[in-house]
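**Student:** Going line by line, the protein sequences match chains F and P.
Each step along the first sequence adds one to the number in my numbering, with nothing skipped, and position 247 is 247.
For my numbering, add 370 to where a residue sits in the second sequence, where the first one is 1.
By construction, these hints were calculated from the structure, which means they are not laboratory data.
Think of the CB as a built atom: it goes at the ideal place given N, C-alpha and C, for glycine as much as any other residue.
Some hints here could point you the wrong way.
Here are the simulated distance ranges between beta carbons [as the list claims (entries may be wrong)]:
id	chain 1	residue 1	chain 2	residue 2	range
1	F	Glu300	P	Lys706	50 to 56 Å
2	F	Asp118	P	Glu388	53 to 59 Å
3	P	Glu701	F	Glu86	32 to 38 Å
4	F	Ala350	P	Glu756	55 to 61 Å
5	P	Glu756	F	Asp271	54 to 60 Å
6	F	Leu171	P	Ile615	47 to 53 Å
7	P	Glu388	F	Ser275	22 to 28 Å
8	P	Ser629	F	Ala350	41 to 47 Å
9	F	Ser66	P	Leu778	50 to 56 Å
10	F	Asp183	P	Ser629	33 to 39 Å
11	P	Pro634	F	Ser66	17 to 23 Å
12	P	Gly546	F	Pro58	39 to 45 Å
13	P	Ile615	F	Ala274	44 to 50 Å
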Amino acid sequence: VTAIDGRSTEDAPCPNCGQLVGVWDGYCEACGTELAPPVVSSGTPGHMAQCPVCTADPDSPAGGVSPDGYCEVCGRKVPADRDHVEVDLGLLAGISDRGLRHSRNEDAMALATSRTPDGQVAIAVVCDGVSTSPRPDSASLAAAQAAVRELLTAARLGDDMEEASQAAVRLASAALRGLAGPDGAPACTYASAVVSQGCITVCWVGDSRAYWLAAGDEAGHGPVEPDAPTRPVTEGRAATASASPTPSALLTRDDSLAAELVATGLLSEEDAMASPQAHVITQWLGADSPDLNPHVARFEPTGPGVLLVCSDGLWNYRSEPPDLAGMAVPKALTSPLDAAAVLVKFANDAGGRDNITAVLVPVPLGTHDV
Amino acid sequence: MTQPAFTVDVDHNQYLPEGGRDVSAIATVTSDGTPAVTAAEPGVGSAEIIIVDCSGSMDVPHTKISQARAATAAAVDVVRDGVWFAVIAGTSFAKPVYPPAGGMAVASPQTRADAKRAVNGLRAGGGTAIGKWLQLAYQTFGSTPATLRHAILLTDGRNQHETPEELAAAISACEGNFTCDCRGVGTDWEVGELRKVSTALLGTVDIVPDPAGLAADFEAMMRTAMSKQVADVALRVWTPQQADIRFVKQVAPTVEDLSGRRTPGSPQVGDYPTGAWGPGESRDYHVGIRVAPGFVGQEMLAARISLVVSSPGGPQVLGQGLVRAIWTDDEALSTKINPRVAHYTGQAELASAIQEGLEARKQGDEGTATARLGRAVVLAKESGNEDTARLLAKVVDVVDEATGTVRLKKKVADEDEMALDTRSTKTVRVRKEHA
Numbered sequence: 001v002t003a004i005d006g007r008s009t010e011d012a013p014c015p016n017c018g019q020l021v022g023v024w025d026g027y028c029e030a031c032g033t034e035l036a037p038p039v040v041s042s043g044t045p046g047h048m049a050q051c052p053v054c055t056a057d058p059d060s061p062a063g064g065v066s067p068d069g070y071c072e073v074c075g076r077k078v079p080a081d082r083d084h085v086e087v088d089l090g091l092l093a094g095i096s097d098r099g100l101r102h103s104r105n106e107d108a109m110a111l112a113t114s115r116t117p118d119g120q121v122a123i124a125v126v127c128d129g130v131s132t133s134p135r136p137d138s139a140s141l142a143a144a145q146a147a148v149r150e151l152l153t154a155a156r157l158g159d160d161m162e163e164a165s166q167a168a169v170r171l172a173s174a175a176l177r178g179l180a181g182p183d184g185a186p187a188c189t190y191a192s193a194v195v196s197q198g199c200i201t202v203c204w205v206g207d208s209r210a211y212w213l214a215a216g217d218e219a220g221h222g223p224v225e226p227d228a229p230t231r232p233v234t235e236g237r238a239a240t241a242s243a244s245p246t247p248s249a250l251l252t253r254d255d256s257l258a259a260e261l262v263a264t265g266l267l268s269e270e271d272a273m274a275s276p277q278a279h280v281i282t283q284w285l286g287a288d289s290p291d292l293n294p295h296v297a298r299f300e301p302t303g304p305g306v307l308l309v310c311s312d313g314l315w316n317y318r319s320e321p322p323d324l325a326g327m328a329v330p331k332a333l334t335s336p337l338d339a340a341a342v343l344v345k346f347a348n349d350a351g352g353r354d355n356i357t358a359v360l361v362p363v364p365l366g367t368h369d370v
Numbered sequence: 371m372t373q374p375a376f377t378v379d380v381d382h383n384q385y386l387p388e389g390g391r392d393v394s395a396i397a398t399v400t401s402d403g404t405p406a407v408t409a410a411e412p413g414v415g416s417a418e419i420i421i422v423d424c425s426g427s428m429d430v431p432h433t434k435i436s437q438a439r440a441a442t443a444a445a446v447d448v449v450r451d452g453v454w455f456a457v458i459a460g461t462s463f464a465k466p467v468y469p470p471a472g473g474m475a476v477a478s479p480q481t482r483a484d485a486k487r488a489v490n491g492l493r494a495g496g497g498t499a500i501g502k503w504l505q506l507a508y509q510t511f512g513s514t515p516a517t518l519r520h521a522i523l524l525t526d527g528r529n530q531h532e533t534p535e536e537l538a539a540a541i542s543a544c545e546g547n548f549t550c551d552c553r554g555v556g557t558d559w560e561v562g563e564l565r566k567v568s569t570a571l572l573g574t575v576d577i578v579p580d581p582a583g584l585a586a587d588f589e590a591m592m593r594t595a596m597s598k599q600v601a602d603v604a605l606r607v608w609t610p611q612q613a614d615i616r617f618v619k620q621v622a623p624t625v626e627d628l629s630g631r632r633t634p635g636s637p638q639v640g641d642y643p644t645g646a647w648g649p650g651e652s653r654d655y656h657v658g659i660r661v662a663p664g665f666v667g668q669e670m671l672a673a674r675i676s677l678v679v680s681s682p683g684g685p686q687v688l689g690q691g692l693v694r695a696i697w698t699d700d701e702a703l704s705t706k707i708n709p710r711v712a713h714y715t716g717q718a719e720l721a722s723a724i725q726e727g728l729e730a731r732k733q734g735d736e737g738t739a740t741a742r743l744g745r746a747v748v749l750a751k752e753s754g755n756e757d758t759a760r761l762l763a764k765v766v767d768v769v770d771e772a773t774g775t776v777r778l779k780k781k782v783a784d785e786d787e788m789a790l791d792t793r794s795t796k797t798v799r800v801r802k803e804h805a
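Extracted from the complex, chain P is given alone in its bound form (with noise of 0.2 Å):
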């Protein structure tokens, strides 16, 4: 299977005052179209685990057990001959559904017919221990060579039968050894506690409110996973040696903060986990960088972004983009704001607002809680994030678009707040040319 090559375009003021320190630059991350190989052979390539949620709770209404099982073999219909897979039931402990003794299967009419099979027997009853339904996943990953490993897990309900600890022990086992779409279905589950593991796991969050959309849910998130041809893409950050580096963030499709997750090469190297990359797929990243000052008329180069993945032979770097720092004495060049790192600066800060103001709202910290949300629908409206502003609106009243002037709705549905939540880091992007 040929890598996939990579562009990395950095857009950014270079320009920097007498003094200035601070760089800050929008890279925009995409894999060449090369149509994906078709039906990799059974040993390499692709691995997925359904994860299905089948405590007490999924029982009550009896739509969601039964919707989770049409939308499981949904999502196994899709995926590809040749393909490893595996579907787990999930209670306080965690067992094997398909294959039944455990391990993976490989994808073919009949081992697809036999899984199909052996989800219709699942039945509710029992309690939630999501770290227990990870480590599960992890073992049956290990079980293949598999090197693109994804697993879609299913929730209705808080993770109630074991500690916050074990659930985090278990999420930081799992790291990098696969990506993990999260969905809750219903209203009863949390939000938090789904967003630690798909972020950690390099996947979304969010929420199937209706038990009746989760077959075509499931069945878009498969059909994605099929779709990534790449394991293990890190973005690799070089920068001078006596630069800080700020932050490194994901900043579309969905905000990510990756600072804290730099495996360090060498002093002036880290590389940051993406995941796992489709064909012509495309991510922007905002980098910044703090370097030391420059007189007026040096350039440096503040960062060095690129792509690498593992392969037999080594890290393979593919692709890279500089990022550029210039000094100049003229005012009109370094005071130029460039209007994509201003874009998703607002970004940023519109997700966090949300989530601010959403878990001040939950405490009862009213006046925190009007403030942030007004806030986050100025910054939703100037960027034109025109889903966030329709979410927004359905848990405050809007008095003044322009200046943030909001009321707190007095009844909101849960699953509208839940939306919000969940939906509050997905960005909206802004194109270098329309700039």
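Looking at chain F on its own, in the form it has when it is part of the complex (with noise of 0.2 Å):
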């Protein structure tokens, strides 16, 4: 029997060392080996073993790739691994993508998954290293990674989540503090979300966003005016659910000039956008940042949805959470990597100007078909 996370609902033997390991179990109580690890979008450090470009033209003669990477007959980068990642972990799935204007992959994402005696529990974390600070695609790599460890161990433990929220956006923090050097400090955007029955908490620092995307809105006809994009989410203890279905939402909020000009009502939500200072965040994880606030809200939502994590890469062409959900549901209820090929897509082909990371959560947990 195989569950939806690929996992078998009995005990099974332990992949490494062949003992019966428990449903539950985090790690072999035989060998220690981890039976459900987080998933990141490292990538390994390969590249295509062919030039795109040169295979594509018949013209152009045959030639390879050198170690480092690059075409020998064109001299072009052929993608990285990291260039284009694609992650299914049955409960959720996302793609990290470089867009077509950067010469690399600058954003990371790490997914997990658990099964613990309260049930499933889906783990995303979405990161977004800032590309005016020194080697912001490790930034955003080593916060993704040291984050979903940490919310991974609460969630097998069962622990509170806000609270593993805050413990693990600050052990990214720390991360990167231990990355900064001569060179300066690597820095990155940082957004999380933890799924489990019934509730979602997010936690963010800049302008990497969550979203509700609820199912039915796709087709127009939900509540949210498409003028109310960045409706705020009480942080903390959200509303309680109510009896009718929770419409698509922003779950989270900007730290960025534009947003703190809309929220104190010195400009429209349009002009913040369009001015040249839109992007400027105004809180980042890294060791030159200053203290460190991050936001916790918690979420239940009533009626079947999916949650979006995503980098202003995508967000960036369509921010309405109406919009984004007419793009990914219904797909994202039962194929969430098909919805995020198709959210990545929809950016690259409006423009690809910044990396696309989109990760999907369909909710609730592993009911649709693996």
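Join these two chains into a complex; the hints should help.
**Tutor:** And the structure:
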């Protein structure tokens, strides 16, 4: 019997030593192997074996790719594994893509699942390296890696997810402080989401976002008016669930100049986004960041839908929750990886000016056919 | 003998604007510090030939020939045991001095003493035909299996007894066969003529105005030659198929344009000669590439620069560096000028400004001479090339160093003008960390 997240619902042999392991075990009791390790979008340091441009050109002579990833004929950098990473853990799936205008993918994502006595848990972390900092690709990866590990451990122990989210983002921040060097302080944004039975806990720093995309909104009859995209969510305790399905909504509020101007009523959402400072973030993870003040919010949706965690490479092109729902739902309810591909393709078709990362978690967990 | 390793450190602004095509990079090549393998076996290793001008003018004044004898003896003294060596006398033809019957001897206390005795018998008398001297050196080197072949050529006069074509033919026959440092004693020789020899044969050219300075200079040259460990090193440049190499120049310690000296390996690979290298030696190269334009966000390898030596098993790559190009719409990135690229661009212009200015002065074109030498004063100051600034001040009166306002001196000593000319290609280095 295979469960939705790819693991047996009964005691099964450890893939490493063959000893039987329990359904809820995080590690094999015999050999210590981690049974459902988190998956991070690091890719391997590898790259494609052939230049996609030269192989497409019938007039171009055949040429290999050097060990450092350049086409031996045209010199172009061939795509690296991290340029396009797809992760499908069943309960959730995500894609991180270089986009069209950046030379590397400075976004990172980390996904994990856990089976606990209280039910299943899905964990997603998305980090976007700050391009003006040194080694932003290392920054986002280190932060995502540190945070997912902490969240997964907390989920296995059944800890409080708001506290765990705070601890995870602080660990990510500590990981970045360790990366600082003579060239400066690597920095990134941060957005995490933990989905357990009936409850979503999000945590963020910077302008990476989490959205609730309600099933049914794609038809355009959701109750959310299109001009109110950044509906604030109460930090801390969320509103109690009501009987009617929760409409699509942005669950995070950017730490950005634009968001602050809108919040203080100085600028309209539209004017703020058009201003050159729209993307100046006011908080980030990194050794050069002022006091860390992460936001944590809890959300209990009623009715089915999909949680989206994404970088600004996606929402720059479409930020309204119903619009995003229109693209991702209903496909995401049954096939989150395919829906993530739709969103990434949309952003690339719209210009692909930034790295694009989208992670989708169908809710309730594990009800879709995997 | 183990091959030394080379490191190639590339410094450039890798960012290009949309549609940008020109990539300009400084590659610092350093051979590792492995100490010299001592006492190379006869039959391998090094060979040295000293070519001494014995034309009639070497007797005027007589100190020239006597100091040349002393200098040759001093150079012979530092030839390491086991190294092949010979001394050639040059007039309108060339003849072996030591070994007297031609060919080369293996250095030992005995052979060095014999050679110095033979050198002591050198007499001045006859003409000057540098091409013939080079031809005999070429044949003499051919009598040994040595691969590190180096010559020192001393003259005091113009190449009067053969045509420029004969000299050019001799030079081109010797190219790649041995390296040659050239010295002019006194002021009656032609800088341009000797520079042709030293450039083609990957050596230096300099003036020794006072014959008394010859011995120290010869000894220093021979010590440098003795420190070389690896011969025939080539700078190999790989470029993408749709790219052109605009230039390849050595820019430190001296400016030498290597662009025209490419030996193609394949359409995308060419080798440029760099001669012989000693342990710990470091040189800078300026490489200009024009690539096919890319779209914003694309990364391309504009060039791969490596060091190649020939070995019995075929060419061996001893270190490489990458010249990347990344297209960006961030103007702050794409318009940034790399300080070392700017520095060496200025140094190369300094050398040509001096050479053009001196040539104009010789032709009596005072306007051009004043303008070019004035420009040289500005460039020497900007790049902190104090040695060159000092030499310039002997040729022009500097009115304003910042704007390059100068007046040509009415009386300039020949030796000062020639020293400025020969040393115009000497550059000062800027290190990456100070950039």
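**Student:** So, for every hint listed, does it hold in this structure?
**Tutor:** The hints, checked one at a time:
{"no.": "1", "hint": "Glu300/F x Lys706/P: 50 to 56 Å", "verdict": "holds, 51 Å"}
{"no.": "2", "hint": "Asp118/F x Glu388/P: 53 to 59 Å", "verdict": "holds, 54 Å"}
{"no.": "3", "hint": "Glu701/P x Glu86/F: 32 to 38 Å", "verdict": "holds, 34 Å"}
{"no.": "4", "hint": "Ala350/F x Glu756/P: 55 to 61 Å", "verdict": "holds, 57 Å"}
{"no.": "5", "hint": "Glu756/P x Asp271/F: 54 to 60 Å", "verdict": "holds, 58 Å"}
{"no.": "6", "hint": "Leu171/F x Ile615/P: 47 to 53 Å", "verdict": "holds, 50 Å"}
{"no.": "7", "hint": "Glu388/P x Ser275/F: 22 to 28 Å", "verdict": "holds, 24 Å"}
{"no.": "8", "hint": "Ser629/P x Ala350/F: 41 to 47 Å", "verdict": "holds, 45 Å"}
{"no.": "9", "hint": "Ser66/F x Leu778/P: 50 to 56 Å", "verdict": "holds, 54 Å"}
{"no.": "10", "hint": "Asp183/F x Ser629/P: 33 to 39 Å", "verdict": "holds, 35 Å"}
{"no.": "11", "hint": "Pro634/P x Ser66/F: 17 to 23 Å", "verdict": "holds, 20 Å"}
{"no.": "12", "hint": "Gly546/P x Pro58/F: 39 to 45 Å", "verdict": "holds, 40 Å"}
{"no.": "13", "hint": "Ile615/P x Ala274/F: 44 to 50 Å", "verdict": "holds, 45 Å"}
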